[in-house]
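S.K.: Turn these sequences into a full structure, and let the hints guide you.
Line by line, the protein sequences are chains A and B.
For the first sequence, position 8 (counting from the first letter as 1) is numbered 10 according to the numbering used here, and the numbering increases by one without interruption.
For the second sequence, position 177 (counting from the first letter as 1) is numbered 220 according to the numbering used here, and the numbering increases by one without interruption.
Keep in mind the hints are simulated off the structure, nothing from the lab.
For clarity, every value in this text was computed on a predicted model and none was experimentally measured.
Don't take each hint at face value.
Derived pair list, reagent style SDA-like, types lysine to any residue, alpha-carbon separation capped at 25 Å [what the hints assert, rightly or not]:
no.: 1; chain 1: A; residue 1: Lys99; chain 2: B; residue 2: Ile59
no.: 2; chain 1: A; residue 1: Lys95; chain 2: A; residue 2: Phe83
no.: 3; chain 1: B; residue 1: Lys138; chain 2: A; residue 2: Leu27
no.: 4; chain 1: A; residue 1: Lys183; chain 2: A; residue 2: Met80
Covered, in the sense of this in silico footprint (three residues per stretch, anywhere, with C-beta under 8 Å from a C-beta of chain B), are these stretches of chain A [unchecked claim]:
no.: 5; region: 126-136
no.: 6; region: 205-218
no.: 7; region: 257-265
Don't be surprised by glycine CBs; every beta carbon is placed ideally from N, CA and C.
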Amino acid sequence: MKLLRNKKVRPYLHIAPAFLMIAGLLGYGVINGILESLQMDLSWSNEAYRFLFVESTFWTSLWYTFYITLISTLIALMIGFGITHFLFPYLVKDRWKAIIWVPMLFPHFAAGYLIVLLFSDSGWISGLSYKAGFISGLEEFPNLVNDSMGIGIILTYVWKEIPFVVLMLLPVYVQMDSRLKDVVRTLGGKKRNEFLTAQWPFLWPTIIEIAIILFAFIFAAFEVPYLLGVTFPQMTPVLAFEWFFEGNWEQRPLAFAAMVVVTLIIISFTILIYSTTQKYRHRLMRGS
Amino acid sequence: MLRNLLKKSLMVSAVILTVGPVILVMLQSISFRWKWPDIIPQQFGLRAWQGVFRDPNLLQALTYSMIITGAVVMLTMIISMPAARALAFEQFKGKTVIETVLMLPLLIPLLFIVMGIHLTMIRLNLADTIIGVVIVHLLPAVPYAIRILRTGYERIGTRWYEQATVLGASRFKQFWTITVPMLMPSIRSAIVLTVVITLSQYALTAIIGGGIITTLPMIYYPYFNSADQSIMAAFTLLFAVLPILFWFGIELVCKSITTMIRQP
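M.R.: Structure follows, in structure tokens:
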């Protein structure tokens, strides 16, 4: 009992359940996953990786995943940031915050269904364009869902992630010292200076954090592309899931190897972003 | 003037973009035959909702989902609240490392982790069980819960607790009279988010549940191609209704306990 009251030990005890659960599952899963990717017919080999890298399907899939992730992340960030920046005084009120919360209530695949409802060739927007006279029939409406460009997938992520961006940025805007803005104004700064010197330094660390979370999430996502994707090209996690689940045990190392590659890409992306912004952070502190 | 007008129009389009699709699904779910290219349905009826609650598969999935979600919410809160509190108020060795590890599930693909623990879950007899599914659902839920609750604790600050200690309030009493009421907005967001996260998991449930633990997402996918649009719309709305129900439930419990404690 004395140990429990010890001020030095207590924080560790409070964190222990969360830490052990996450570190245990995560560490065990990752190590086991890497080991399984290196096994072929019960013996060690890098066969799975060799197969992946000569296979053009895998490369196409990686590029496709990267392209969808990058576009969705950037669009969601830009629109979310625009909404927070210009509408911030409204958004702090509970009423408007509740409206922004609405898309957060739906799982990603449910958002995928909403996109189908709106954008499929027999969807609502198609009907609207017909009534407005833009198209003269169902078949003239462009293929926006289940298309090889991944437009449906991108639309789904943008719709789902904009509220996430807004809700992550709002606290930063709330805590921002508005007096700094006044200082810039008294010193004769323009609107642009106001933003760059009084707001941006507080905003960008959060923006980078959001970008990393979104990138990692969409790059590794399975639910939406599985629902809205086409048979070719497929996003890499979908490919891995199918290799894993096809019942053919010879393909399981492939599934693991593909996920190892996905994980490595996400981690390199994160390290890259962090290290490049670290320099910027130092420069900022020195005040040049 | 112009700036204000721009702001107003941005506001209107933001509201249309967020709420518009949801209203459309609501209409779809209570429509009776909505033919292309009608902008609004011509006939209404509750047929789809009746269909949803009559489907035995769906009822089974709803039960599984409610049990799993309830368990995940409780465990997530029990695990996350002390951790968030320690991270918010205390300084200790290795804090940055611990913080990084706690946020790692946002970076490392969960699909990979779950594929990696699958065989072990089978050996431990946890695969194809509710317990196994609940355990893996904690992975995506806990990092977000800790994040939200930590910000909440930081907003309360330590002073209230210091004052309560000076006045001789027990730790238990401090929890119900300071933490619960003041942290309520954060608790609420964390709970709603946890419910949404558990209801969103298809891959994790499919791998660890092995198709035996059929939660709502597991039967959503087959429905997607076969069933009619109105039932699909009602089914979709169900996913948004459940988090709201959980939120009301928790609110009720916390309110009644805090009022009980306030009574002398």
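S.K.: Regarding the pair Lys183 of chain A and Met80 of chain A, is the alpha-carbon distance no greater than 25 Å?
M.R.: At roughly 22 Å apart (the allowed maximum being 25 Å), Met80 of chain A and Lys183 of chain A satisfy the hint.
S.K.: Against the 25 Å threshold, does the CA-CA distance of Lys138 of chain B and Leu27 of chain A hold or violate the hint?
M.R.: holds (20 Å)
S.K.: Report holds or violated for chain B covering the region 205-218 of chain A, Cβ cut-off 8 Å, minimum 3 residues.
M.R.: holds (count 3)
S.K.: Is Lys95 of chain A within 25 Å of Phe83 of chain A, Cα to Cα?
M.R.: Roughly 18 Å separates the two Cα atoms, so the pair holds.
S.K.: Count the residues of the region 257-265 of chain A with a beta-carbon closer than 8 Å to any beta-carbon of chain B: does the count reach three?
M.R.: Per the Cβ count (6), the hint holds.
S.K.: Taking 8 Å as the C-beta cutoff, is the stated coverage of the region 126-136 of chain A by chain B satisfied by three or more residues?
M.R.: holds (count 6)
S.K.: Just to be careful, I want the Cα atoms of Lys99 of chain A and Ile59 of chain B compared with a cutoff of 25 Å; is the pair within it?
M.R.: holds (14 Å)
Of the numbered hints stated above, none is contradicted by the structure.
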